[in-house]
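In order, the protein sequence lines correspond to chains V and X.
Residue numbers are given in the numbering used here: position 244 of the first sequence equals residue 244, and the series is strictly consecutive.
Residue numbers are given in the numbering used here: position 42 of the second sequence equals residue 42, and the series is strictly consecutive.
FYI, nobody ran anything at the bench for these hints, they're computed from the structure.
Any given hint might turn out to be false.
[Claimed, not checked] Over the 10 angstroms line for every Cβ pair with chain X, so calculated as not near, a few chain V residues:
{"id": "1", "residue": "Asn51"}
{"id": "2", "residue": "Arg79"}
{"id": "3", "residue": "Lys80"}
{"id": "4", "residue": "Ser141"}
{"id": "5", "residue": "His197"}
{"id": "6", "residue": "Phe201"}
{"id": "7", "residue": "Ala221"}
[Stated by the list, open to error] What follows is a list of derived Cβ distance ranges for each label pair:
{"id": "8", "chain 1": "X", "residue 1": "Val93", "chain 2": "V", "residue 2": "Pro233", "range": "45 to 51 angstroms"}
{"id": "9", "chain 1": "X", "residue 1": "Val202", "chain 2": "V", "residue 2": "Gly59", "range": "54 to 60 angstroms"}
{"id": "10", "chain 1": "V", "residue 1": "Pro233", "chain 2": "X", "residue 2": "Leu278", "range": "45 to 51 angstroms"}
{"id": "11", "chain 1": "X", "residue 1": "Pro199", "chain 2": "V", "residue 2": "Asp28", "range": "38 to 44 angstroms"}
{"id": "12", "chain 1": "X", "residue 1": "Leu118", "chain 2": "V", "residue 2": "Arg183", "range": "55 to 61 angstroms"}
Glycine included, C-beta positions come from ideal geometry on N, C-alpha and C.
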Amino acid sequence: MTRRVEIVNLTKYFGDNLVLDRVDLGVDIHEVVCLIGASGSGKSTLLRCINRLVEYDDGRIMLDGVDIQDESLPQNELRKRIGIVFQAYNLFPHMTVLDNITLAPRKVHGLDRTETEARARELLELFEMGSYADSYPDRLSGGQQQRVAIVRAMATSPDVLLLDEVTAALDPELIGGVLSVIRDLKTAGMTMIIVTHEMAFARDVADRVCFLDSGRILEEAPPNKLFSDPENPRTRQFLQRIIEAGRL
Amino acid sequence: MTDERPTPAPAGRRRVSARERWIPVLASVVSTGVVFGLVAWWVASSDYWPTVQEQFFSREAIRESFPNVLRGFWLNIWVWIVAEIAILILSLVLAVMRSLTGPIAAPFRIAAIVYIDLLRGVPALLLILLFGFGIPALQLPGLPRGAIFWGSVAMIAGYSAYTAEVYRSGMEAVHDSQRAAARALGLSQWQTLRHAILPQAVRNVLPALLNGAVSLQKDVALLSVIGVREAVREAQIYTARTFNYSSLIGAALLFLVASIPLARFTDWYARRDQERRLQRTL
Numbered sequence: 001m002t003r004r005v006e007i008v009n010l011t012k013y014f015g016d017n018l019v020l021d022r023v024d025l026g027v028d029i030h031e032v033v034c035l036i037g038a039s040g041s042g043k044s045t046l047l048r049c050i051n052r053l054v055e056y057d058d059g060r061i062m063l064d065g066v067d068i069q070d071e072s073l074p075q076n077e078l079r080k081r082i083g084i085v086f087q088a089y090n091l092f093p094h095m096t097v098l099d100n101i102t103l104a105p106r107k108v109h110g111l112d113r114t115e116t117e118a119r120a121r122e123l124l125e126l127f128e129m130g131s132y133a134d135s136y137p138d139r140l141s142g143g144q145q146q147r148v149a150i151v152r153a154m155a156t157s158p159d160v161l162l163l164d165e166v167t168a169a170l171d172p173e174l175i176g177g178v179l180s181v182i183r184d185l186k187t188a189g190m191t192m193i194i195v196t197h198e199m200a201f202a203r204d205v206a207d208r209v210c211f212l213d214s215g216r217i218l219e220e221a222p223p224n225k226l227f228s229d230p231e232n233p234r235t236r237q238f239l240q241r242i243i244e245a246g247r248l
Numbered sequence: 001m002t003d004e005r006p007t008p009a010p011a012g013r014r015r016v017s018a019r020e021r022w023i024p025v026l027a028s029v030v031s032t033g034v035v036f037g038l039v040a041w042w043v044a045s046s047d048y049w050p051t052v053q054e055q056f057f058s059r060e061a062i063r064e065s066f067p068n069v070l071r072g073f074w075l076n077i078w079v080w081i082v083a084e085i086a087i088l089i090l091s092l093v094l095a096v097m098r099s100l101t102g103p104i105a106a107p108f109r110i111a112a113i114v115y116i117d118l119l120r121g122v123p124a125l126l127l128i129l130l131f132g133f134g135i136p137a138l139q140l141p142g143l144p145r146g147a148i149f150w151g152s153v154a155m156i157a158g159y160s161a162y163t164a165e166v167y168r169s170g171m172e173a174v175h176d177s178q179r180a181a182a183r184a185l186g187l188s189q190w191q192t193l194r195h196a197i198l199p200q201a202v203r204n205v206l207p208a209l210l211n212g213a214v215s216l217q218k219d220v221a222l223l224s225v226i227g228v229r230e231a232v233r234e235a236q237i238y239t240a241r242t243f244n245y246s247s248l249i250g251a252a253l254l255f256l257v258a259s260i261p262l263a264r265f266t267d268w269y270a271r272r273d274q275e276r277r278l279q280r281t282l
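My request is simple: use the sequences and hints to build the entire structure.
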């Protein structure tokens, strides 16, 4: 069976700096994979390679068995099928929440405005954001903006959702609301690749956790195994530091 | 255990007594009055003042020249509006061309860069002389010959090179993450520009665009050198006949009446914009 996302031998340099070193990773449909590791370990770069926000130097990434650099899958087609949520939300400040969400369905997928707006309002309602449809992003808290960003990424019904440290910029009391939205998406069967520093969350939501260090996946295991009984000494060291910081 | 004490009323604003409030105002009125009064007295008591007054501030002359100057001024306004619209459009096109990426867009990018470099580096007066006298002299069939037309073209050509750079700075001020978000949603390069970058860029540079408009409004007077009978030209014609320069002062007043409100509006808008940005970062 072809996997939803199959990454083979992925290598990426920034200048002379090797940020991804022959990474292999497969993600099945409905699977949730968390990428953990120290800052600079290449997690975010890996994520951005998948929707070609970052071009890689070597290796292959396949989406449902099709190479994402294949001519038959132009960038825009690829990105239509992959949603991404950023650490800093990246909402469009000059558009209302509703316009932020409906922009891609209307302009990229060619859907009708009334139809997409109805669906956007539904999604917002689902995430308890219904009353903010006509607000501008700068009137919302960070947690609310991030929920809007998730709705925006979901509005085009992507095949895979990429989450790039989506709670890292949030105040502690706002993190819970965003994480519960992601749990709901898992329940709904969304395929997700999640870069996170929230270990408790990764443990809770992931089917598989990958520990990255210096551009390599050093260890890959179900969360219970990886967090309780890590095999690689580097993983142990990383988790030890997290525990000392009181984050696990 | 609950605290039964009534919560204290919030502290009020500090009260400012009438004395504290009015003394600074009074002081500034008095000192301004004294300084300006002294300057006026000193100027008016000069032996040359009557001559100066007659030469520059003769009500008679201003009144006599005013109908022609005013008629000329309407031409200034008209050229200004048409040119400003053309500049805003042309410069946006140039800025977009310059921002295009990819090898196929190279000729557009290069054309925009060359255009901007050339026309921004040449004095406006030179462009006006070149277009206004040069092109009609070619006597090419099918081309208009009017000085107003070619003078306006020269203004548009020069100003749009500047304004393109204004737009470009606004586009560069939009954070890269906005482009990433738009591209990640599957928007094409053009859609990203149109829906995500340009609306924010224009908002960023609106004060600078307004400043450009104020500047253009005055520079339209340069068209007088190719014989366009706008306000300054009309005032000059009067001066040449009577050797009295008051008509130029009359023209100056008209320019001030038009430009000061626009400049004030620009200031007000820029300040409001600044406040909005500050609020956003808080």
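- Query: So which hints don't hold here, by number, going up?
  - Reply: As far as the earlier hints go, 1, 2, 3, 8 and 9 are violated by this structure, in ascending order.
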